[in-house]
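4 protein chains.
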Amino acid sequence: MIRVGIFGGSGYTGQELLRLLIGHSGVTVTAATSRRFAGVPVAEVYPVFSGLTDLVYTDTSPEEMAGLADLIFLALPHGVSMEVAPFFIRAGRKVVDLSADFRIRDAATYEAWYRRHTAVGTIREAVYGLPELYREQIRTSRLVANPGCYPTSIILGLAPVLRSRWIDADSVIADSKSGVSGAGRDPQITSLYCEVAGGFKAYKVGQHRHTPEIEQELSALAGGEMKISFTPHLLPVKRGILSTIYAGLERDVTGEEATALYREFYRDEPFVRICRAGQLPTLSSVVGSNYCDIGVTVDKRTRRIIIVSVIDNLIKGASGQAIQNMNLMCGLKEETGLPAIALFP
Amino acid sequence: MIRVGIFGGSGYTGQELLRLLIGHSGVTVTAATSRRFAGVPVAEVYPVFSGLTDLVYTDTSPEEMAGLADLIFLALPHGVSMEVAPFFIRAGRKVVDLSADFRIRDAATYEAWYRRHTAVGTIREAVYGLPELYREQIRTSRLVANPGCYPTSIILGLAPVLRSRWIDADSVIADSKSGVSGAGRDPQITSLYCEVAGGFKAYKVGQHRHTPEIEQELSALAGGEMKISFTPHLLPVKRGILSTIYAGLERDVTGEEATALYREFYRDEPFVRICRAGQLPTLSSVVGSNYCDIGVTVDKRTRRIIIVSVIDNLIKGASGQAIQNMNLMCGLKEETGLPAIALFP
Amino acid sequence: MIRVGIFGGSGYTGQELLRLLIGHSGVTVTAATSRRFAGVPVAEVYPVFSGLTDLVYTDTSPEEMAGLADLIFLALPHGVSMEVAPFFIRAGRKVVDLSADFRIRDAATYEAWYRRHTAVGTIREAVYGLPELYREQIRTSRLVANPGCYPTSIILGLAPVLRSRWIDADSVIADSKSGVSGAGRDPQITSLYCEVAGGFKAYKVGQHRHTPEIEQELSALAGGEMKISFTPHLLPVKRGILSTIYAGLERDVTGEEATALYREFYRDEPFVRICRAGQLPTLSSVVGSNYCDIGVTVDKRTRRIIIVSVIDNLIKGASGQAIQNMNLMCGLKEETGLPAIALFP
Amino acid sequence: MIRVGIFGGSGYTGQELLRLLIGHSGVTVTAATSRRFAGVPVAEVYPVFSGLTDLVYTDTSPEEMAGLADLIFLALPHGVSMEVAPFFIRAGRKVVDLSADFRIRDAATYEAWYRRHTAVGTIREAVYGLPELYREQIRTSRLVANPGCYPTSIILGLAPVLRSRWIDADSVIADSKSGVSGAGRDPQITSLYCEVAGGFKAYKVGQHRHTPEIEQELSALAGGEMKISFTPHLLPVKRGILSTIYAGLERDVTGEEATALYREFYRDEPFVRICRAGQLPTLSSVVGSNYCDIGVTVDKRTRRIIIVSVIDNLIKGASGQAIQNMNLMCGLKEETGLPAIALFP
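Protein chains in written order, with this note's numbering: chain A, 1 to 345; chain B, 1 to 345; chain C, 1 to 345; chain D, 1 to 345.
Calculated from the structure, these hints are not laboratory results. Note that CB positions come from ideal geometry on N, CA and C, so glycine has one too. Among the clues, some could well be false.
Computed spacing ranges between beta-carbons, pair by pair [said to hold, decoys possible]: (1) A/P77 / B/R105: 54 to 62 Å; (2) B/A108 / D/R36: 37 to 45 Å; (3) C/K333 / A/P41: 56 to 64 Å; (4) C/K300 / B/S219: 57 to 65 Å; (5) A/P41 / C/Q188: 19 to 27 Å; (6) A/R163 / D/S164: 33 to 41 Å; (7) B/T118 / A/G26: 47 to 55 Å; (8) C/S61 / A/P77: 35 to 43 Å; (9) A/E256 / B/R105: 56 to 64 Å; (10) C/R90 / A/I189: 35 to 43 Å; (11) B/P41 / A/E256: 18 to 26 Å; (12) C/R276 / B/G51: 24 to 32 Å; (13) A/R3 / B/E264: 30 to 38 Å; (14) B/S61 / A/T140: 53 to 61 Å.
With a Cα cut of at most 25 Å, we get these calculated DSS-like pairs of lysine-lysine [to be verified]: (15) A/K300 / D/K300; (16) C/K204 / C/K227; (17) C/K300 / B/K204.
Which stretches of chain B does chain C cover? Using the computed rule of at least three CB atoms under 8 Å from a CB of chain C, they are [what the hints assert, rightly or not]: (18) 84 to 93; (19) 272 to 285; (20) 303 to 316.
Work out the full structure, taking the sequences as your base and the hints as a guide.
Take a look at the structure:
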């Protein structure tokens with residue numbers, strides 16, 4: 001049994017890690033920290049765990065945590081992960097960081113979009129935790145930077161056509177829609193039921209901090225620097241991201257050919273499904289599962305390819321992908337503990 | 001591997017059976033019938049199954065089904081189950097019937113609330129499939145009548161106080177609220193998103209067909225015939241039933257004492273959880289799981305006990321309970337294949 | 001033009017007052033206060049007002065307000081209204097108070113359920129603002145205590161059968177379900193979209209502070225002290241309350257007779273509608289309007305009457321009723337400015 | 001009083017017409033037809049009308065209707081309007097047609113996207129009913145083709161930048177999201193609560209029949225034929241459309257300059273509001289009102305303009321706009337009977 005700890009376990013992401021790890025056959029959760037709920041049983045904060053775990057939130061220090069766990073998940077705010085990750089690495093522990101702190105390879109870019117980086121030297125240790133692109137590096141990594149939710153949906157949606165050079169890299173537009181759990185559990189007016197239900201809005205147009213992360217990975221795929229228009233929207237659902245991605249085609253292809261390209265690219269992937277040509281995925285097909293479903297359409301009239309990509313933002317977009325990375329880092333079967341069938345209806 | 005078949009597999013109940021059985025380690029699904037979708041892959045009708053099963057809906061006859069399966073789930077409308085169940089029993093197959101056809105022991109009562117019964121002789125074969133009350137009979141039964149969703153929540157909510165004779169049996173009121181999936185997948189105006197979202201209503205007050213089923217089981221627990229007021233409501237959620245149950249107390253007890261009675265009554269049950277005194281369950285704690293959560297409050301001012309009971313109507317209220325019964329009938333561990341942790345948020 | 005001011009105008013109740021008063025032909029809003037948003041245009045806090053009003057939230061003192069307005073709405077928390085209402089009365093202004101501070105005639109009862117009362121002498125000035133019961137007193141009152149949302153739905157639902165002595169007053173149970181806007185706009189975890197959507201729960205069973213207010217008015221109708229069981233629930237909708245009310249009948253009546261009693265009782269009421277016998281109201285029929293819709297059913301099997309009553313909690317349950325009271329106090333036509341047709345779908 | 005009739009009054013669009021017309025001071029509804037509900041009071045089909053109208057759905061013939069009404073709204077399916085509109089025109093009646101039958105000026109284009117057109121000669125009679133672009137022609141028209149819901153949001157969103165030639169007409173992408181009421185009240189699986197709630201999907205990508213209507217009007221604004229990518233999505237809300245529109249800029253402008261252009265373009269419009277620079281509209285700001293709210297952002301990094309446009313699909317996107325057209329055709333004040341303040345929360 002591998003011993004795992006969760007640093008910052010009381011938000012939705014931490015809760016989802018716990019939910020999945022409790023049912024995971026290869027690990028045991030030895031500690032979950034929460035400043036706010038230290039001393040309170042996890043099952044009181046989240047009644048879904050009632051009768052299923054005796055775990056109590058603690059205010060465990062990094063030093064204690066290093067003694068309790070072989071691998072630590074950091075479910076901390078941006079800027080806090082960078083303060084503890086280097087210690088765990090030095091202590092010989094493995095780390096999966098769910099914050100943005102080690103996703104951006106260029107410290108100056110990180111600082112332009114986020115804040116000052118206090119562990120620049122550790123950035124080069126980190127592997128970007130998208131198994132579909134970096135599986136082998138993840139296996140041997142000590143520090144995995146778990147991707148953002150929006151980036152996961154967009155990068156997986158674009159990887160095949162970028163690497164094959166089918167599209168004009170300057171023409172890419174990603175119109176993304178996310179459920180409310182992406183905003184976390186901190187009480188704020190904009191996340192209230194009465195503000196969200198029956199509504200819909202775009203936010204941070206051209207300014208969302210996932211932009212440099214997306215562009216870093218797309219540029220690597222395209223073999224040259226590229227920029228995209230990325231517009232996030234707030235959907236009145238609890239879970240799920242759907243990204244509608246537009247790009248100008250550099251060659252004439254049919255929807256069938258494009259679908260074939262995607263099927264080939266993701267042929268051996270356990271958590272990517274490609275819809276049949278002419279079909280598009282729906283959020284409902286993945287909510288509750290670790291899948292990313294992708295559908296591809298070619299609009300001959302405008303010579304554009306339109307790609308629709310869906311994930312559960314808390315699973316493939318956060319905690320599920322973190323466990324997929326943990327499985328790889330620890331030599332476990334990649335699918336272990338990860339839900340496949342969505343909960344529908 | 002036990003071979004199971006589903007008769008009537010394309011509604012929400014059939015889909016939920018498939019979802020749970022595909023992940024079940026002790027069985028294999030050999031056939032799922034659907035007149036409407038015969039010939040169509042299950043994964044096309046429900047994309048959640050994409051990549052997870054090659055099963056195709058068929059129009060298999062009962063005779064063929066008897067050759068394909070050791071146990072058959074009947075997810076058929078009331079009145080249709082009674083036409084095929086006797087055949088399967090005679091053919092030596094086990095049956096879990098999710099319709100109401102074999103729940104009511106008195107044929108005249110069935111006929112008063114439903115329709116003419118054409119297999120009266122088979123009723124006495126049937127065991128009412130509530131494991132918490134009939135576990136031993138279920139183990140040896142050939143025909144289990146899987147309980148209705150409302151009855152499951154209400155009977156489990158009242159069993160301890162009825163059997164202990166703490167309450168006035170004539171005073172019982174059950175105010176129940178159900179999600180929309182209980183109405184099935186047939187397209188009808190009253191189940192449309194625009195009719196349900198943002199709304200709420202009571203329906204069939206004093207006339208719902210689950211009433212005789214509830215009264216049959218409550219009377220057995222109370223040791224004498226009793227009647228209740230039962231009011232179903234339609235909640236704007238997809239899954240879940242919450243029943244608020246009121247009864248006059250025959251003796252002075254505290255909330256702590258009542259909670260202790262419930263904990264003792266359900267001490268060894270794998271799928272019933274009792275909230276701590278002063279706590280009440282919420283729908284979110286069970287949606288996606290096979291649990292029934294129950295909370296008990298005593299209102300000294302009015303000398304009433306108020307019991308709140310929650311289940312996922314498609315799992316503990318239908319397909320999960322059916323699999324729990326199957327596990328018992330087939331000598332498998334009772335919890336096999338049944339989800340414990342709810343999906344939250 | 002009557003000049004009106006709103007004290008505490010930035011919550012949902014204050015916003016709803018503004019929404020209705022801006023369209024009201026007989027008044028002009030001269031001030032709306034908000035400590036949090038002082039200096040911010042109303043249309044920035046609530047974009048629905050964009051282009052429709054130049055009003056800016058202010059931190060106006062009671063003294064200034066008395067100079068600006070003939071009638072003042074107090075949309076303040078319990079305990080704060082009592083600090084300013086006496087001043088406005090002394091200054092010769094009319095007051096409609098939306099808090100609970102002047103609803104309970106017995107100060108000791110108020111203090112048992114709420115907090116210490118610092119304006120006991122002013123309580124006897126107040127008229128309980130339910131026009132269907134106190135219309136004439138409201139017309140000449142200087143201080144109207146606007147009813148709570150739950151009490152409005154329950155009192156209107158029970159008045160006819162209580163006054164006619166048809167029911168056993170000790171048998172009354174009110175199972176009420178409210179939308180989330182009743183919890184206000186303060187950010188708290190329990191009001192977050194992810195906590196509410198797809199969920200449902202009872203809360204404060206036997207302990208909700210509307211209980212003494214309900215019992216005070218029901219006792220007056222029954223002609224003797226009575227107690228009820230009152231269970232509030234949180235519905236995953238933005239607006240609306242539905243109360244399902246149960247009572248034992250003292251005489252044999254049919255549903256038709258009960259319906260006739262209600263139609264007669266509310267014959268001349270502009271904002272109460274009684275469903276035809278056998279019909280029940282739905283939340284959707286009143287959300288967005290000032291109506292209270294009531295349906296009545298008799299369950300012969302258990303000799304109980306079951307009454308379903310629905311309102312929009314922000315309109316008939318709060319701001320609409322406040323304006324109805326204002327109209328009466330100011331000699332305007334009672335219906336002025338109040339929406340009749342609900343927004344559906 | 002102008003006498004108006006509604007042909008096809010029992011769907012959501014017909015219901016919304018009735019809701020608004022009942023509160024309209026200048027007209028009286030003399031007939032509303034419905035084959036399905038002929039003989040049934042409107043208030044039984046839609047309880048929101050209870051006590052507010054005695055109108056009964058009828059199966060009135062066009063001949064009778066011409067005798068009863070001065071202006072007729074056609075809320076009929078595509079292909080049916082064209083069968084009755086010519087008769088009403090010949091009979092000297094005014095017609096507002098909510099179907100697509102007379103929106104497309106080129107019959108061949110109509111036939112390519114819809115079906116055979118049987119009243120080609122009447123097309124040239126029709127004026128496209130977008131008051132912001134065709135106000136003067138509408139005033140004198142006998143037949144107004146009321147715009148589609150998606151087209152209303154997209155055309156209003158693009159008109160200023162197309163007419164000013166600021167953008168590359170070949171670069172336009174409209175990513176639109178609509179509430180479920182746009183699918184009407186016919187019961188179909190895809191509109192069921194359980195299929196929609198918690199979900200989200202794109203549909204008919206590159207194939208939606210509103211495409212030629214949008215391109216016809218955009219081409220007129222651009223002064224030359226243009227094509228767009230238009231992707232509709234199904235939002236889990238009842239009402240509302242939000243379109244996120246992307247276009248490449250032909251000149252360097254700031255967000256402030258773009259906002260100023262829009263403010264100037266729509267300066268005198270009663271039902272278009274432009275957000276302050278840096279602000280974007282939300283669905284909640286217009287649901288329940290006849291407004292179209294528009295926000296404009298410039299993304300310097302990609303040299304694109306991003307426009308967000310929101311409407312209530314049943315009001316500005318259908319019945320409200322139809323009444324706005326009626327007001328113009330009948331010489332009434334344009335705003336009469338049209339709701340301004342949205343219902344929030």
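The hints, checked one at a time:
1. A/P77 / B/R105: 54 to 62 Å: Given range 54 to 62 Å: holds, Cβ gap about 60 Å.
2. B/A108 / D/R36: 37 to 45 Å: 38 Å, holds
3. C/K333 / A/P41: 56 to 64 Å: 59 Å, holds
4. C/K300 / B/S219: 57 to 65 Å: Between C/K300 and B/S219, where Cβ atoms are some 19 Å apart, the hint is violated.
5. A/P41 / C/Q188: 19 to 27 Å: Between A/P41 and C/Q188, where Cβ atoms are some 21 Å apart, the hint holds.
6. A/R163 / D/S164: 33 to 41 Å: 39 Å, holds
7. B/T118 / A/G26: 47 to 55 Å: This hint holds: roughly 53 Å between Cβ atoms.
8. C/S61 / A/P77: 35 to 43 Å: Distance hint for C/S61, A/P77 holds at roughly 41 Å.
9. A/E256 / B/R105: 56 to 64 Å: Holds - the Cβ-Cβ distance for A/E256 and B/R105, about 59 Å, lies within 56 to 64 Å.
10. C/R90 / A/I189: 35 to 43 Å: 36 Å, holds
11. B/P41 / A/E256: 18 to 26 Å: 19 Å, holds
12. C/R276 / B/G51: 24 to 32 Å: 53 Å, violated
13. A/R3 / B/E264: 30 to 38 Å: 36 Å, holds
14. B/S61 / A/T140: 53 to 61 Å: 57 Å, holds
15. A/K300 / D/K300: Distance ~29 Å between A/K300 and D/K300 Cα, so the pair is violated.
16. C/K204 / C/K227: 16 Å, holds
17. C/K300 / B/K204: Holds, at roughly 14 Å.
18. 84 to 93: violated (count 0)
19. 272 to 285: holds (count 5)
20. 303 to 316: holds (count 3)
In summary, the structure is inconsistent with hints 4, 12, 15 and 18 from the numbered list given earlier, while agreeing with the others.
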